[in-house]
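K.L.:
Residues in the sequence shown are numbered consecutively from 1, following my numbering.
No lab work stands behind these hints: they were computed from the structure. Certain hints may be false.
Beta-carbon label-pair distances, calculated as ranges [said to hold, decoys possible]:
no., residue 1, residue 2, range
1, Arg147, Ala106, 25 to 31 Å
2, Thr78, Ala138, 25 to 31 Å
3, Thr118, Asp68, 30 to 36 Å
4, Val7, Asn69, 18 to 24 Å
From a predicted model like this one, the values you see are computed outputs, not experimental measurements. Backbone N, C-alpha and C define an ideal beta-carbon position, used for all residues, glycine too.
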Amino acid sequence: MVVHRPVWLGPLPCYLHLPSGYDSHGELSDLATEAGCAIVSVEHRLGFGHPFPVALEDCYSALMWLLDNAALLELDATRLAVGGAREGADLAAALPLLIKERGGPAISLQVLELPTLTPEPGADLAGLPPALIAVGEADSGRAAAERYARRLTKAGVPSTLHRLGPDSFAALPWRIELARTLRAAHVATRLPA
């Protein structure tokens, strides 16, 4: 578990980041500062030899540990979001469903960055947290992610879909939107003057 924090003190809202193996800790530290929240990146078992739902249970256990230790980590457990990229995004889509099934805790936002959603969650999506979803124009998971966004909207869950272009400059508006949305989703705290 790695905690990325802005330089200011105090209990911070938390974004539980579920990594995919392609994540940059430098980018997460920058995002923590831009969004005004702590980003907690947790390890989970991925790949062959660990069939579903092993990784999902790892993420749920990490979330519960995080909530149990929020005071020690100087986190505000009442302001919590989950998200990830690629495989991490798939887990971030499944985690709110598991949380809903188990009766909590409350999540204010789910961030799905380039999800594959294979297989797509088939459960009732009503009552899930709002979703911020980014898909690549040529990404193999684009159609499934767009269907999932439509299903969320149909279930009454606010959903924002971003289509990213093929070059790295296209990701900049997404990063700005991600930081802005984390702030607005009761995940961000009052920033120092």
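K.L.:
Each hint: holds or not?
P.N.:
Hints, one by one, checked against the model:
no. : hint                           : in the structure
1   : Arg147 with Ala106: 25 to 31 Å : 26 Å, holds
2   : Thr78 with Ala138: 25 to 31 Å  : 39 Å, violated
3   : Thr118 with Asp68: 30 to 36 Å  : 32 Å, holds
4   : Val7 with Asn69: 18 to 24 Å    : 21 Å, holds
Checked against the numbered hints above, the structure violates only hint 2.
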